[in-house]
Amino acid sequence: MADDSNTHEEELFEEEEVDETNFRAVKDAVLFAIDISSSMLTPRPSNNPKKPGEESPASAALKCAYHLMQQRIISNPKDMMGVLLYGTRLSKSYDADEESGADLSHPHCYLFTDLNIPLAQDVKDLRALAENDEEFHKILQPSDEPVSMANVLFCANQIFTSRASNFLSRRLFIVTDNDNPHANNEQLRKASAVRARDLYDLGVTIELFPISRPDQEFDTSKYYYDIIYKAEPCDGEAPVYLQRESKSSAQGDGIELLNSLLSSINSRSVAKRSLFSKIPLEIGPNLKVSVNGYLLLKRQQPARSCYVWLGGETPEIAQGTTALLADDTAHTVEKSETRKAYKFGGGQVYFTPDELTVLRDFGEPVIRIIGFKSLDSLPIWANVKHPTFIYPTEEDYIGSTRVFSALQQKLLKDNKLALVWFIPRKKAVPVLGAMIAGDEQIDENGIQKLPPGMWIIPLPFADDVRKNPPGADFTPAPEPLIDAMKEVLGQLQLPKGVYDPVKYPNPSLQWHYRILQAIALDEDLPEQPDDKTIPKYRQIDKRAGEYVLKWSAELDAHSEKLFGGSAAPSSTLVKRGPRASTDSDQPAKRVKVEIGASDVDGEIKKNMEKGTLSKLTVAILKEFLTSHGRSAAGKKADLIERVEQYFEEKS
Amino acid sequence: MADKEATVYIVDLGRSMGEKRHGRTITDLDWAMQYVWDKITNTVIRGRKTDLAGFIALRTDDTMNDYQEDDSFSNISVLSGLKQILTPDIRKLQEAIKPSRTYKGDAISALVLAIQMITAQCKKLKYKREIVLVTNGTGLINSEGLDQIKEKIEEDNITLKIVGPDFDDPESGVKEEDKDERKAQNETLLRDFIATLPENGIFGTLESAISELDIPRIKEVKHMASFKGFLSLGNAGEYETAIRIPVERYAKTMVAKPPTASSYVLRSGNEPGEGVDPATAQAPVEWESLVTIRTSRTYQVADESAPGGKADVEREELAKGYEYGRTVVPITEMDENITTLTTFAGMEIIGFVANDKYARYLQMGNVNILIASKGNQKGSLALSSFIHALFEAESYAVARLVTKESKPPMPVLLAPCLESDFEGLLEIQLPFAEDLRAYQFPPLDKVVTVSGKIVTEHRNLPNDALQDAMSQYVDSMELDLKDDDGDIIDEVPIDYSYSPLLHRLQSAVRWRAINPNGAIAEPSATLTKFSHPDEELVKKSQAELEGLIAAADVKKVLPKAKGRKRTRETEKPLSGLDVDALLNLEPKRAKISAENAIPEFKQLLSRADTVDSIRDAVKQMVHIIEEQIKYSLGDSNYQRVVEGLGTIREELVEYEEPAIYNDLLPTLKEKMLSGRLDGDRMELWWLIRKGKLGLIDQNESESSFVSEEEATKFLAAV
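Residue numbers (my numbering), protein chains in the order written: chain A, 1 to 651; chain B, 1 to 718.
Okay, chain A solo, but in the shape it has when bound:
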């Protein structure tokens, strides 16, 4: 049976994002450094009369941090996060004696959440702080004397050094409304520039989230250009790409500020990890440029369950190890002793390890263009997995970016695609791909939603395409019926006529973690999930209801004309009031099971009321359950129980 998730594990194996050349752990650590000054703590009212309320920049920043922490637990469960408040009256960092005896006290730096994979308690505390809970009132007090930025940066340095050793990605998010902290103290300013250089040399990227003050635009060039280095130190040739951040740091309005900050932080929440790097894109024989590949689209799944040992003080995960045993002697077998063989004719066909390597070898990694075709030549069904995004790099070929850009622009302009032979990495199996150009898309806050570049869509091979299923004889619908349906469609366009993934969080994924969070914090379980994928029924009824009725009448008429009395007595239209179900009503569905003149729903309901469900046949029970989207597996008793449950829920 087809299962949509069955390829998941293999894909994980195939597509793990690895940096083959680096000794560093492919992990990301984000440390929030939030400025706690009196101006940051001053609430700003909302200008929007529809959404009253007020928000201080500090509180907005904390809410963003809280939001990001929750999000990262789901999307990057192995990555670290911490929250450092600075400019506070209180100070808290590592104890002076904790790390090799050095003096590590950092005045007016308050490490609220230590850099680590968050605990449920960290999430709770951060939420309380963001909501300005009494408990944490004394923390959010600005210090009387100014904080030294050099100190803040060195404090961050120490946190990264000790907590996120050897991480490939370490990022310091600074949220502040002060564009010139040491305007009158050249000494401190220089000292902070040196500490910033330390961070750069340590491999820490500083990302600034500037907030303009109501009376003054944030000017990054005053101070922060001395602190921030080019975004991608690994690719020195790449042009500087600045976010349109000046736009996002809204002036004045508190709510707008929160939203733009959220959007801006979300857009940089994930550390960019490449799927492969420096692969040649062969545009023609003797013309190669180099590109990096990224996985921008990947189905996010809840982390798998694990086994937990409850014998200790706190629950602990039991680490499983798998041993290989020879079937004849039950002796343990080392991985290096195993041989691979294929089953054939009741025995095995064996190849040497070298031969197996040869068999899988189709050449070096490459994206080779074998020609161009119109975009229309790509059928919408020609899809088997998510695409790979590619973007040029100057690392192997100088001039890659401009050539790539010329190609991308040409394909965009003429609606063309390139057919490519694609081997993403060493020993990978080649696929034939359609490479199509993607244009940059910007959201309302000026933040990039989709990057400019090219996407390689792996095409199915002839082996991967199934024949159309043998369907029932179909009757193409007559024009009036089609027109009636078109009226219905016309009423129900999604906003702007597009599907925007950002508007649809995965409800089961969110629910899974929401429940875990509640259990971990010993909170009450939430009752209702927030499921944005559930259609807006009321709106559908209001907008399209009248057209649906017209279509239905049309359908009945045509059905009568075409099939006459021989038509299956099934209506596709549900003519039932919420509670007024009677036998005379048309049933929602009837396919094979026919029970006299009555219908399944009515029959079930009648027997339900009389308490005689057990007299019904299994077929009818199953049909009823299936038609209501319920599982129809199990014994008769299970089916009856589920039917009863259905009516319980309804009442």
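Hints listed in this document are in silico derivations from the structure and should not be mistaken for laboratory results.
You may find that some hints are simply not true.
[As the list claims (entries may be wrong)] Here are a few chain B residues that face chain A, going by a calculated C-beta distance under 10 Å: (1) A195; (2) V313; (3) L461; (4) Y496; (5) V579.
Just so you know, even glycine gets a beta-carbon here, dropped at the ideal spot from N, CA and C.
Since chain A is already given, all that's left is putting chain B on it; use the hints.
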């Protein structure tokens, strides 16, 4: 699943089959067997008990069949009755299939035997019946009773294939010069006989039969509905205006998996000594000596009192749970499904989108197709109106799909699929918010500078000449695809591009099954057809390509240039402030401090003007690393050590001083493994190995004296 199959092969083993003709290097028999083995192994690899094959040898020295008393059945041997063919059968057949010393034996009698075998086995059951006769047609053929045979073949619906080397075939242009007179007669006889069987007979020359083997065969998969339920618009439970159309869902695309190998181990006793000797690992092994492997899983938790710091726990003692961040959340058996969202099966329409605004590259996963439930004419009519309405309105529907109760919902796109004899809805998986990663990339048509200025002329942007050259090249490389019959294809090639790994592995397995010691062949040309652009096309667009190359002016970065220490320019902040000057003012930075080691090490190096000062900086750094190892409680400092060591290595490669690293590493390794850095540091060495922080070899740095082999050996040795 496909039908059961019963195939009888009749192979001519006559003396003349042992001859090599027309300059071929193999005998007629070996050549014919290429075809026969391919057909047989193709059946065997499917591994179905219901695929039967029988084997009759024609013109054998002996006679071995049920009618052997009858003279007309002499020199015919049944080598194998109808059964599932397994590897031992193949071996037995291989033994038996040798050219005989006789010219006698009647092909038509063998055909009668084959029909008898099929009739006896299949009776009136549902089977795909086939007889394959391979002969060079030089024997005596008795045409008596062909009428009855024809009747029987048609009655039982048996497919009869007659194939022979150098049979004349106008279609493929094969015409044998100086054809033997008897062969010519026999060919005519057999061809005419096949001509009387328009539905059931195939007559062909071996040449084309063998060349067709190259075209991969595609396995058909039985249609199984993965969802039967309703496509609905609105909530039928609450509104009278809801639509519910019963539909069934089938796969449209699904990746066909290549055969997977299983793990085995050599039968104990066959293993020469400890471990695996590389020589034997490469030697061919007979499959009889392989033993299957099973797995056993054990669980451990941290326990300081236990040896090794870990204690075994029984699987039964463990609860199920999940991680929420670093917090472990055990779930009791009762609450097992507590984190599962309650859902009910259904396909519910959320809304409609315009197809011209649809981003084709935001599709994930395989595609399914929806059709109306069978036997519901009205439902079919309703679905048809929906499909046509989508098509005419140039729209797609977005829906929420739950395939089974309690399964997670999934957003899908529904697109009309209208073919001459088929209507359906294509269902394509769409991403959720969480599935889309917001990686940001600079624009490709402009450059934004530090000051926020937008520049449209830059070395990273194509100038007009390059744009123009690209445009001409792309136009010149337009693909005119033709299918096998020479018809033009408008779509991207799918129907005649084949999964390279799947078919390569399958043919290798089948080839190896017949030739246990044969070398494996290159992938067939059919599989790599699309690995390079068509030669004609390349020739045609040569001028455009040259123009593009000139306009592009792409230069390969030389390996040596990559190794150079990056320029100082990039180490300045955006403002261009000279931080190095500031650093020079800090006298205490001459000595690397432990708590800020990596930055200070790098800065010291960047100021170093002699090899000695580089050496000194490295020495300080190594000292710090050794201290970190010494004071590491268990593995607490290991990641820091790896980072420090990795940084030293990286920097020394860039400064082209690999010797300094290659000198220090053996000493450090020795100290670590001998326990002189306070205890057992084996695990740390393992991490260093994993991080590939071994000696710097000549591939990595030209100035290294260490060969790749030495480096590998050093890293592996303990």
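Each hint tested on the structure:
no. : hint : in the structure
1   : A195 : violated (32 Å)
2   : V313 : holds (5 Å)
3   : L461 : holds (6 Å)
4   : Y496 : holds (6 Å)
5   : V579 : holds (4 Å)
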